[in-house]
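**Q** As you go down the protein sequences, you meet chains A and B in turn.
If you count by the numbering used here, then the first sequence holds residues 1 to 348, one letter each, in order.
If you count by the numbering used here, then the second sequence holds residues 1 to 309, one letter each, in order.
Note that these hints are calculated values from the structure, not bench results.
A couple of the hints might just be wrong.
Said to hold, decoys possible - Dumping the calculated BS3-like pairs for lysine-lysine here, alpha-carbon to alpha-carbon at most 30 angstroms:
no.	chain 1	residue 1	chain 2	residue 2
1	A	K295	B	K44
2	A	K131	A	K181
3	A	K69	B	K44
4	A	K261	A	K328
5	B	K61	A	K131
6	B	K44	A	K181
7	B	K61	A	K69
8	A	K342	A	K239
9	B	K44	A	K88
10	A	K181	A	K261
11	A	K328	A	K342
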Amino acid sequence: MNRTLRTLCLVILAALAPAAAMAATALTGAGATFPNPIYSKWFDMYRDKTGIEINYQSIGSGAGIQQIKAGTVDFGASDAALSDARLKEMPRRIIHFPTVGGAVALAYNLPSLRQPLQLTPQLITGIYMGKITTWNDKRIAAVNPGAALPAAPILPVHRSDGSGTTNIFTTYCSAVDGSWKEMVGANTSVSWPAGIGGKGNEGVSGLVRQTQGAIGYIELAYAKQNKLPVASVRNRSGKFIEPSLASTTAAAEGAAPQLAKDVRYPIVNSPAPDAYPICGLTFLLVYQDQKDAAKARALADFIQWAIHDGQSVATSLEYAPLPEPVVKVNEASLRRLTISGKPLLANR
Amino acid sequence: MKAARITADGVYRGALGGAATLVFFVVALIVFETTRGAALSLQKFGLGFLGGTVWDPVAEKFGALPYIYGTLVSSTLALLLAVPLGIGTAVYLAEIAQRRVGAVVSFVIELLAAIPSIVYGIWGFFVLAPWLRHTIEPWLIANFGFLPLFRGYPFGIGMLNAGIVLAIMVVPTIVSISREVLLATPRSLREAALALGATPAEAIGVALGAARPGILGSVILALGRALGETMAVTMVIGNTNRISASILDPGATMASIIANEFTEATSPTYISALIEIALVLFAITIVVNALARLLVLWATGGRRASALA
């Protein structure tokens, strides 16, 4: 009874609070689907804390970029940082705020294999270019000593839909292999030289689970949910690293000096010794010069909260929290925000 | 009194005419908007777009041929499977089964049409694909592998899977319309045939002949659905932009490439190329429909060309 009453009070409070406290300020955003679970959680937590309502439409990075360009939303969200050319097309200067990181795992289906599969960058690009076609290839055996590799064909599976996951994976392949960069390149979708495409993380993980000999790249959270084995990948310092949230944060930390110069720098193939090499950051896109003072303050305040307190919920939702140096980069970016030309956070 | 009726008639006619004009206007608007959206791509690639086989968003080179091919092949495959099955079912329900049985079975078949396409896609992906991969496709390869049509690797997903899923999706359309048309043909036709000494099978043949325009109409509606079906096909076709003679290989359709890539397409040329795909799909649908109408006209000798209108 007591509990029911308390719940009722909370419900009423929750209903009244936003209306009472901050009826005027509501923010809207649109973009990437990958960070949607944590963004929804953040917006809920933030509303409970401040009463500021943030509406987010997870309609895909491309559409998010279109909307911020058109000025129909207060912020955009994208898994891929905007290229220089794309930045130039924007009506005003855009600032990127990385919010969390994510790893892209290579899941495989090899029931005969007892030990975890180990892969080198050359093997990954070789498999996805269709140059390495059987599992008992000498080059795979060389880095997996003693492994029971079957004489089965390799079926590389990729995402068929445009996605930030594909962008991270192809950015990695381009970083480690010059011929990949030349022939395929990096983008949210590319012209695949080999393999078949599954729609979404669920499509790729479904194909991998169904097909013996398949290998596919998926968000780490999906591999964990589906209990698929994932490959350890040799990083730049020569260590085989399993994909995990900690090794993703380590990758971002390793790229911190470059991120301080340009926050869009891809964190793939990080030089840090414990870094998993195939990972990326997801970004909020915000105009440097804001027009509406109340909204601008609310947005800056939210970002400030998200990159500090908000990080504590990241791991529970399978996102890699930002390392301290990247938080510092974000803080510097926040100080660059202006309102009609005047610094927004000067009086803090 | 008379004046009032004229006004009422006028309003009635005006309302109906308005509705018809609105539909026409919407179609015109679709053509206009897609053409405008595709302008950049039309300008850049010209007619080469239709024959191009490269789809490379990184280099911004786009060609639609693999998708046109995939759309036509998967739809043809679907019709090859669905037409005999659908018409056979319709004949059974209308001519052979007892009325009550027929009503129950056709109700169940029409339920198939109400299933959302994503459910068909999931079924094709998680149920049909493993079965094709382990049972049907290895058998096809072993026994008919000498034909280019059945060469390759048993992926489970691909053109064949897409064709089967599409066939199941369009069967209800064919069955329900064909059954209605058969039921609408005069009983006296069959009686006359039987009286002239025809066997029951031949009498059904006579009824089928009379119902031909309507049955063809149902096939055209089914084809329309197969050409444009998006979600289910995207899940089971394998999504590669390669043209292969084998129906076991993965492919892609025009609808699937739009569904796959539109949300994350960022550059103007890329978006424009995707919109041009929509324009091509629209044009192909018109051409196919026109051809189908000509076919009906030819099949009926112009007698009942209005059956479809």
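**Q** Compare the structure with each hint and give your call.
**A** Here's how the hints hold up against the structure:
A distance of roughly 41 angstroms separates the Cα atoms of K295 (chain A) and K44 (chain B); the hinted pair therefore is violated under the 30 angstroms criterion. Restraint check for K131 (chain A) and K181 (chain A): satisfied, since their Cα atoms lie roughly 15 angstroms apart, inside the 30 angstroms limit. Restraint check for K69 (chain A) and K44 (chain B): satisfied, since their Cα atoms lie roughly 24 angstroms apart, inside the 30 angstroms limit. Under the criterion of a C-alpha separation no larger than 30 angstroms, the hint pairing K261 (chain A) with K328 (chain A) is consistent with the structure, at around 12 angstroms.
With a CA separation close to 24 angstroms, the supplied pair K61 (chain B) and K131 (chain A) stays within the 30 angstroms bound. Using a Cα cut-off of 30 angstroms, the hinted pair K44 (chain B) and K181 (chain A) holds, with the two alpha carbons roughly 24 angstroms apart. For a cut-off of 30 angstroms, the pair hint linking K61 (chain B) to K69 (chain A) stands: about 24 angstroms separates their Cα positions. At roughly 48 angstroms between alpha-carbon atoms, K342 (chain A) and K239 (chain A) are farther apart than 30 angstroms, so this suggested pair is violated.
Restraint check: the Cα-Cα separation between K44 (chain B) and K88 (chain A) comes to about 22 angstroms, which is no more than 30 angstroms; the hinted pair holds. Distance check on the hinted pair: K181 (chain A) and K261 (chain A) sit about 24 angstroms apart at the alpha-carbon level, within 30 angstroms; holds. A distance of roughly 22 angstroms separates the Cα atoms of K328 (chain A) and K342 (chain A); the hinted pair therefore holds under the 30 angstroms criterion.
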